[in-house]
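Participant: Taken in sequence, the protein lines are chains A and B. Counted the way my numbering counts, the first sequence spans residues 1 to 279. Counted the way my numbering counts, the second sequence spans residues 1 to 189.
Please note: incorrect hints may appear among the correct ones.
[What the hints assert, rightly or not] Heads up, simulated SDA-like pairs for lysine to any residue below, C-alpha to C-alpha not over 20 angstroms straight-line:
id, chain 1, residue 1, chain 2, residue 2
1, B, 169, A, 14
2, B, 169, A, 67
3, B, 169, A, 20
None of these hints come from the bench; they were simulated from the model.
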Amino acid sequence: MTFLRSSDPGRGRDAERVAVALRRELLLPVDDELAARHLEAMSLEFDWELAPEPGDPRPKHRAPNVVATCVVAVALSLTSGFAAAGALPATAQHWLSRATRLVGIPLPDAPERPRPPLPPRTGMPRPAPSRTVATLTEPVRRNATAKMSSPAGPGSAAGQSLGSSAALQVHTPQANASWSEPAAPSWPKETVDAGNGTGDNDGNAADDSAANGAEHGARKSEVKGSAEDKSNGEQSAGESGNAKTNPEATAGPTSNQQNNDKSNMQSDGRAAAADVGRG
Amino acid sequence: MLGREHPALLSGIGDTRIGRARCGDADAIGELYADLSPGVLGYLRGAGACDAEDLAGDVFLAVIRGLAGFEGDETAFRRWVFTIAHHRLIDVLRKDAHRTIGASFTPGVDILEDDTYDRVIGRLDAAPAVRALARLTPDQRDAVLLRSVAGLSVADTAAVLNKSQGAVKTLHRRALAALVRLVDGETVS
């Protein structure tokens, strides 16, 4: 040992004697009870520390940390790379450029895109919602009556050529009613519906304003009415068409009779309501 | 010699045993504890830890916690365990306002509990040396305890104390000389 190489052999022996005395006094076997207590605590600690499987010296919970770190690093590098190249989406590039400019890092801003030209405004402007239905029903009723009377005038072939509006009307019993009894003054609801059917093709009378549908229906009825009923005037087309409307010529007599009865009852009620509105 | 009565302190910790302990083998952990615990306890007692048994338990718990990340051979494992013990000891001694020779170990009092004559004689002979440890400098005491009691090599002691090997040799030599002087002076007085 080191202290045995001392120059004084007597002191070396004394040093060894002191070292032996220390070992004898301090290096004692561990008590069994103490060893059991320590080993139990170590076992519990090992169970707590999620012992790895044999053959896997590394604890398993490190793998997700490494994966997460790699994912974050790759995402950060990609984002910063795209941002530096100005290749991010315009909004992200713009905000990232603004944010990094605040901390002194210049990044290219998003390039200005030419705005696409606005589509030309087509159609009629939507009327103000304050307009009442009662004020609009009268012209609409006339135009729609003219449109619906046109197939009954010249014949059924002309009625088939009417298009969507006529087809839409054929499916509804109210339309049949209008064909059989055109002189009934109860038209406001049906005329609005017919105008919507020709104008929007959505069939939803509640969503659209009555004026919009009425104007569409009126315009279409003008065109078709002039083409098919050339002999009649524009104003008299509806009346003459209505006058010419013949239940025997347009539809079956029995079914139309029944539908007419129902529709008359409904149209009478609506006519009363329309009269109240006009009043 | 008592040092040879505990040969496991100096050898016998194989890589395979460390590997098995790392995988949770209770037998391997028990063998490692049996090999190293006397040296760790002796070091802590000689250094003046108030509750050396509990502190040794903390040291081995820390060993279990760090066992999964340990890589090395037998020598490295011993060095690592005593490094943990050294750091724990420093923490405890810093917390204590005064440094005393272990309260759990009172030389001269426990001798009456042993019956054998040799043991009594040995204790009477060792008690002045143990008391003299408290009068050494901390570095000298650590060098003596790690080299002469725990049986670490100069290189391992230097690694544990974070000093050069020459410094450890010098500390050890001067510590033993001081102990001889202190024991002789106590005996004379």
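Participant: Next step is simple, just say for each hint if it's right about the structure.
Facilitator: Outcome of the hint check:
Among the hinted pairs, residue 169 of chain B with residue 14 of chain A is consistent with the structure: their alpha-carbon atoms are about 18 angstroms apart, no more than 20 angstroms. The straight-line distance between the Cα atoms of residue 169 of chain B and residue 67 of chain A is roughly 47 angstroms, outside the 20 angstroms bound, and the hint therefore fails. Among the hinted pairs, residue 169 of chain B with residue 20 of chain A is consistent with the structure: their alpha-carbon atoms are about 18 angstroms apart, no more than 20 angstroms.
The structure fails to meet hint 2 from the earlier list, while all remaining hints are met.
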